[in-house]
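**Q** Each chain, letter by letter, is given below.
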Amino acid sequence: MYKNADEAIADISDGSTLMLGGFGVCGIPENCISALVKKGVNNLTCISNNAGIDDFGIGLLLKKKQLKKMIASYVGENAEFERQLLHGELEVDLIPQGTLATRCMATGYGMPAIFTPAGVGTEVAEGKESRVFNGKEYLLEYAFEPDFALVKAWKGDTAGNLMYKETARNFNPLMAMAGKITIAEVEELVEAGELDPNQIHTPGIYVHRIFKGSFYEKRIEQRTVRKAVN
Amino acid sequence: MLDKNQIAQRIARELRDGYYVNLGIGIPTLVANYIPEGVNVTLQSENGLLGMGPFPIEGEEDADLINAGKQTITTLPGSSFFDSAMSFGMIRAGKVDLTVLGAMEVSENGDIASWKIPGKLVKGMGGAMDLVASAKNIIVAMMHTNSKGESKLLKRCRLPLTGINCVKKIVTDLAVLEVTGNGFRLLEKAGGVSVEEIRSKTEGNLIVEGDIPDMHF
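Protein chains in written order, with my numbering: chain Y, 4 to 233; chain A, 37 to 253.
Calculated directly from the structure, the hints in this document are not laboratory data.
Here the structure is a predicted model, which means the values were calculated and not measured.
Just so it is clear, CB atoms sit at the ideal spot from N, CA and C, and this is done for glycine as well.
Mixed in with the good hints there might be a few duds.
Unchecked claim - No farther apart than 30 Å at their CA atoms in a straight line, the calculated lysine-lysine pairs in the DSS-like style are these:
no.	chain 1	residue 1	chain 2	residue 2
1	Y	K139	A	K191
2	Y	K72	A	K159
3	Y	K66	A	K191
4	A	K159	Y	K66
Claimed, not checked - Chain Y regions said to be covered by chain A (calculated; three or more residues, Cβ under 8 Å):
no.	segment
5	77-84
6	118-128
7	175-186
8	217-223
Between the sequences and the hints, there should be enough to build the whole structure, so can you do that?
**A** Below, the structure is given as structure tokens:
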């Protein structure tokens with residue numbers, strides 16, 4: 004139990020490898036990102052599906068040039084990211100989204116590697132071992148070894164159990180399982196016993212630190228609506 | 037010649053009752069607007085939703101409920117949420133019946149290039165490589181030629197590949213074509229478009245057998 008993000012991330016130091024949950028800017032650990040910006044920790048390697056947008060999410064860390072390397076599947080919609088990439092200021096490893104998710108999963112399940120067909124015959128396969136099973140080729144992809152996983156959940160309890168909301172689940176449960184130290188920020192923090200054990204997505208054994216986040220902005224990237232039909 | 041909505045409308049005719057379908061960003065997303073009457077399909081969004089519903093009514097947008105294009109959406113009766121590993125698990129295990137996606141190039145053996153233009157903008161492959169490596173049936177929705185008027189249906193792709201030997205069918209603004217392994221078999225042409233025009237805009241081998249019917253919707 005921590006009071007806030009500043010306390011929870013206090014020992015994240017320069018050069019750390021971090022996993023950050025979220026898809027686009029949905030379900031991202033907003034409080035932890037703000038605290039990392041404030042702390043000014045540098046040379047970070049970030050593993051996250053996306054790199055945020057210019058002024059939100061991981062984009063805030065990019066703007067302050069706190070990243071050494073980004074490991075992601077999709078990095079569009081971020082002009083500062085492109086600029087740093089084209090100027091060689093940032094290392095980038097782009098990997099297929101399912102490979103990213105499954106490499107996170109492998110870490111949390113205690114497996115050193117997985118086989119996946121994604122990327123066979125493409126530049127993603129260059130330099131990688133492959134094997135044929137039942138006539139189909141698969142690439143050997145390794146589990147990640149992050150120092151910290153920063154995840155965002157909807158509800159959490161004092162035992163570290165977590166529940167996610169809707170598509171804000173995405174990479175969060177996988178990364179929660181993968182951190183050497185997992186830090187969870189939650190919208191609602193309750194006493195152990197108040198959440199239904201049937202509804203827990205991440206058991207507390209995986210969560211080392213938890214705090215109630217505040218001032219969630221929950222920005223929407225593409226606001227699409229239809230007119231109400233009367 | 038078809039517009040983007042008509043390409044989507046033609047692809048919607050490939051949907052079958054009971055299908056689980058993943059629609060990519062761009063023209064593929066529009067397919068959801070033309071699902072034929074009496075055909076029930078379940079849309080999979082790879083960020084962790086089965087049973088994607090329409091856009092929310094104004095004022096009911098929920099930042100926690102988006103699709104893979106990061107658009108606000110809704111659920112439907114029977115929808116379910118899951119994490120990204122399970123999402124790609126169901127894709128990898130062949131549970132998704134049909135994948136529709138856009139492309140920059142397709143080759144006559146079914147290779148697809150859709151994610152990178154070297155030296156220019158690199159956005160990343162997202163879930164496309166996983167989808168094309170495992171999907172049972174892949175339909176590509178794209179324009180027949182690029183902005184310079186060059187054919188996108190090639191003997192061999194020139195851009196970095198997304199996947200190999202995977203595309204089964206292509207619907208363009210000019211034609212519906214089947215990928216056969218030794219060429220693009222012309223199945224239908226857009227109204228008012230000649231076989232000669234399609235041939236002149238197809239770099240790869242074009243297979244034309246018998247009379248080619250016009251597309252209908």
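**Q** Now, for every hint given, state plainly whether the structure supports it.
**A** Here is how each hint holds up against the structure:
no., hint, result
1, K139/Y x K191/A, "holds, 24 Å"
2, K72/Y x K159/A, "holds, 16 Å"
3, K66/Y x K191/A, "violated, 43 Å"
4, K159/A x K66/Y, "holds, 18 Å"
5, 77-84, "holds (count 3)"
6, 118-128, "holds (count 9)"
7, 175-186, "holds (count 3)"
8, 217-223, "holds (count 3)"
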